[in-house]
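When you get a sec, could you build the whole thing from the sequences and use the hints?
Number of protein chains: 2
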Amino acid sequence: MNIVELIKEKKLLEAKQELMKHNAIDIAQLFEELEMEDVVKVFRLLPKDMASDVFTELDRDQRAHIVQSITDVEISNILDDLYMDETVDVLEELPANVVKKILKNTSQDRRNLINQFLNYPDSSGGSIMTIEYADLKKEMTVKDALAHIKKTGIDKATINTCYVMDDNRKLEGIVSIRKLILSDFDVLIKDIMTTEIIYVNTLDDQEYIAEQFKKYDLTTIPVTDNEKRLVGIITIDDIIDIIDQEATEDFQRMAAMEPNEEEYLKTNVWTLAKHRIIWLLVLMISATFTGNIIQKYEEVLQSVVILAAFIPMLMDTGGNAGSQSSTLVIRGMALGEIQLKDTFKVIGKELGVSVIAGLVLSVVNFLRIYFLQKVDFFVALTVCISLFFTVVLAKIIGGILPLAAKKLKLDPAIMASPLITTIVDSIALILYFSIAVWLLGI
Amino acid sequence: MNIVELIKEKKLLEAKQELMKHNAIDIAQLFEELEMEDVVKVFRLLPKDMASDVFTELDRDQRAHIVQSITDVEISNILDDLYMDETVDVLEELPANVVKKILKNTSQDRRNLINQFLNYPDSSGGSIMTIEYADLKKEMTVKDALAHIKKTGIDKATINTCYVMDDNRKLEGIVSIRKLILSDFDVLIKDIMTTEIIYVNTLDDQEYIAEQFKKYDLTTIPVTDNEKRLVGIITIDDIIDIIDQEATEDFQRMAAMEPNEEEYLKTNVWTLAKHRIIWLLVLMISATFTGNIIQKYEEVLQSVVILAAFIPMLMDTGGNAGSQSSTLVIRGMALGEIQLKDTFKVIGKELGVSVIAGLVLSVVNFLRIYFLQKVDFFVALTVCISLFFTVVLAKIIGGILPLAAKKLKLDPAIMASPLITTIVDSIALILYFSIAVWLLGI
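The listed protein sequences correspond, in order, to chains A and B. Take the first sequence: its letters are residues 1 to 442, numbered as in full-length UniProt numbering. Take the second sequence: its letters are residues 1 to 442, numbered as in full-length UniProt numbering.
Calculated from the structure, these hints are not laboratory results. Backbone N, C-alpha and C define an ideal beta-carbon position, used for all residues, glycine too. Among the hints, a few may not be true.
Stated by the list, open to error - Footprint (simulated), chain B over chain A, 3 or more residues, beta carbon under 8 Å: (1) 307-319; (2) 351-358.
Unchecked claim - FRET-style restraints, in silico, Cβ to Cβ: (3) A:409 x B:441: 49 to 57 Å; (4) B:212 x A:32: 15 to 23 Å; (5) A:408 x B:8: 29 to 37 Å; (6) A:194 x B:212: 27 to 35 Å; (7) A:241 x B:71: 42 to 50 Å.
To be verified - Take a look, some chain B residues computed to stay more than 12 Å from chain A by CB distance: (8) 18; (9) 58; (10) 91; (11) 98; (12) 122; (13) 138; (14) 378.
Spelled out as structure tokens, the structure:
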């Protein structure tokens, strides 16, 4: 019988035994299947140290529910067991009155620290770091250092990298636990520490910090204040979340939405709608320019009605061709592979690709509509010449616009499919009708 | 004067001194600015251990160039210094004749190992693991273990997690270096090791492995064969590359391209074109169905030509509305937040969101075209009713198709903007003309 069933049948003792066979993450996952009323009941079955491990893995609603249902002492017990970054994460998600209640039960020192953390800007180094790092002094021997770690290491987020500071907490060097273990006991820390340190500032943006991790294959990074005093460290598990989050933001922006950090299934309909409507409106209104172009060429359409039949194909192909280019450039920029200085290289590549793609598409299309659909030769020619130039222009515009956005300090990701499509639509139509007027002599 | 300038002026000694102030990754970055003819010259300035570190960070072309320009002994020296996964990565990128030349200089044992690695399927656990892990026995004391690590640790990819195996190399437990350091010297490994191990198989897909890292906040994972014998480990720095790579693949598929692992700027125009043309062709041909619909309603268009002016707006808005939904669902599925069993939840959410978005867009559009553009009341009504239903259908289709793709064992990412746009276009037009016929009595 599985745990959820045991709980439903109120066999709590058996449920507890079953629970203890699992790790905190799997238990947290199991909580997702529980009814809200059972959440607190099951949570209280967990031994103290397991309780806080499970707590950090629960989702926002369940955390809030638990905090509001348990005693102040129980809350303090959980929060005391959490690392500083987790504590702050939890507090940020809770309603203000609950936070007040919790802070009341916290020591003055820790309260000050928490308030300092809550004041770091969103997505800054300060807001994602934790303060539980292993600290050493450069005069220590390896033996001293290992003894110091043994004494204090239990509370640290990681001891895989240790940080060497002077008396003013200024960061002087780092030394890996591996180096400590591989070195002889009487060697001094200052002789084995690395002084060439990759570090970030409390105010650096998380995207920049993630780049440092990737570039230097780090698993932790020290965070310093403006005086280069060590104030915390960031560990790689948080960076993985940030990498996913930044990619998700790009996906959302590229599909013309305001980014939303919450999981889709956990976001309510109003919030989902709010994040989507503004861009839909903007793009809808922009698309009316395209309509105006068609209106302007009403006479052309009326004399050769068949021309209307190729409008969707032209518009869609132009949009797709442009989106391909903009997607590659936006992603390349996000990964740091394409920079502003590469603008001419991008134009060169897109010109080459678009000429090839444009030729292939035009020829295939010509064969199809002239021989299969038996369309008039000059109409077919009009369609295919327009198609060729649409693809070329779409790809060059798609390649340039993300770089232009960057130049203007905008997010390149907004220059994606929907916006490119709207822009390319107008160009495709003007080209199409102009070529029609010229070739068909309307 | 910077290093590149020093090299250009052939001040190699000074260049070497300057180089030694930097770490391997920064030196590798500097290589990107060098002319190909200087690459080998500068590479030979590096001391032996630094040379292999820099080598793994260089790009494919430069690696191949170096390997083909240096002596066999130099190649062996570099490869001997690399971890197995790096060696295999390097070999996979080199031309076959160069690989042959290298393998000739390798011991039989290592050659067998390399061949085994080269045989693991692409993107499998076996192909990304490395074999340099710290191994312990459960009968060791902590003191023995630390001594063993001290003796062998220098060659290991990481010692932060150590692996306990029986005599048949069967994985029995893991113990972190932290636990070793925090434990007393005479404690037995078997008493502190964790036996509840998260591990993967050599044949597991890298996407699944990355999910395990995220789910359990791991920094390494053991890789076993079908008999649960330990054959290697995967470290988190490789996982970060995989997470980026998987997201990039999704970006590319969602913009209707065949995924391409190479960096944009390093891919030639033909390859770029090849990855884009097939989908452009497929979508172009699909878009002709939309053209056929317009042709079918030629008479309607001829009697109320103004209707043509709203076609781009309807098509674009439908496409955008659908892409928003499909993007959220595709990304949610990639992150494991949305599963097949959530299909009805997704439909419910999209129905709600689309009714809100559809209403807002229709009302705004009605006000604009009726009052500002002075379009006939019934035409305005036709446009807005079509718009509403297009948005609703687009969002529901956008939400369902990625899930349907998964059900059919296809990649959900192909059900993105371009394909959704093509499908929604047809629906939007049929709706539009049907409502026009009905409301305007054509």
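Now for the hints, and whether the structure bears them out:
1. Counting residues of the stretch 307-319 of chain A whose beta carbon lies closer than 8 Å to any beta carbon of chain B gives 10, which meets the minimum of three for the stated coverage.
2. A count of 4 residues in the stretch 351-358 of chain A with a Cβ less than 8 Å from any Cβ of chain B is obtained; the coverage claim is therefore met, three being the minimum.
3. Here the CB-CB span from residue 409 of chain A to residue 441 of chain B is close to 53 Å, well matched to the stated 49 to 57 Å.
4. Between residue 212 of chain B and residue 32 of chain A the C-beta distance comes to about 18 Å, which sits within the given range of 15 to 23 Å.
5. Checked against the hint of 29 to 37 Å, the pair residue 408 of chain A and residue 8 of chain B passes, with Cβ atoms roughly 35 Å apart.
6. Evaluation of the 27 to 35 Å hint for residue 194 of chain A and residue 212 of chain B yields a pass: the beta carbon distance comes to about 31 Å.
7. Range check, residue 241 of chain A to residue 71 of chain B: about 46 Å between beta-carbon atoms, so the 42 to 50 Å window is met.
8. Non-interface call for residue 18 of chain B relative to chain A: holds, since the shortest CB-CB distance, roughly 14 Å, exceeds 12 Å.
9. At the 12 Å boundary, the C-beta of residue 58 of chain B stays outside the reach of chain A, the nearest C-beta of that chain being 14 Å off.
10. With a minimum CB-CB distance of about 21 Å to chain A, residue 91 of chain B clears the 12 Å threshold, and the non-interface call stands.
11. Non-interface status of residue 98 of chain B relative to chain A is upheld: no Cβ of that chain comes within 12 Å, the nearest being about 26 Å off.
12. Separation of residue 122 of chain B from chain A is adequate, the least Cβ-Cβ distance of about 21 Å exceeding the 12 Å criterion.
13. The claim that residue 138 of chain B lies off the interface holds: its Cβ sits roughly 20 Å from the closest Cβ of chain A, which is beyond the 12 Å cut-off.
14. Every CB of chain A lies more than 12 Å from the CB of residue 378 of chain B, the least distance being 18 Å, so the non-interface label holds.
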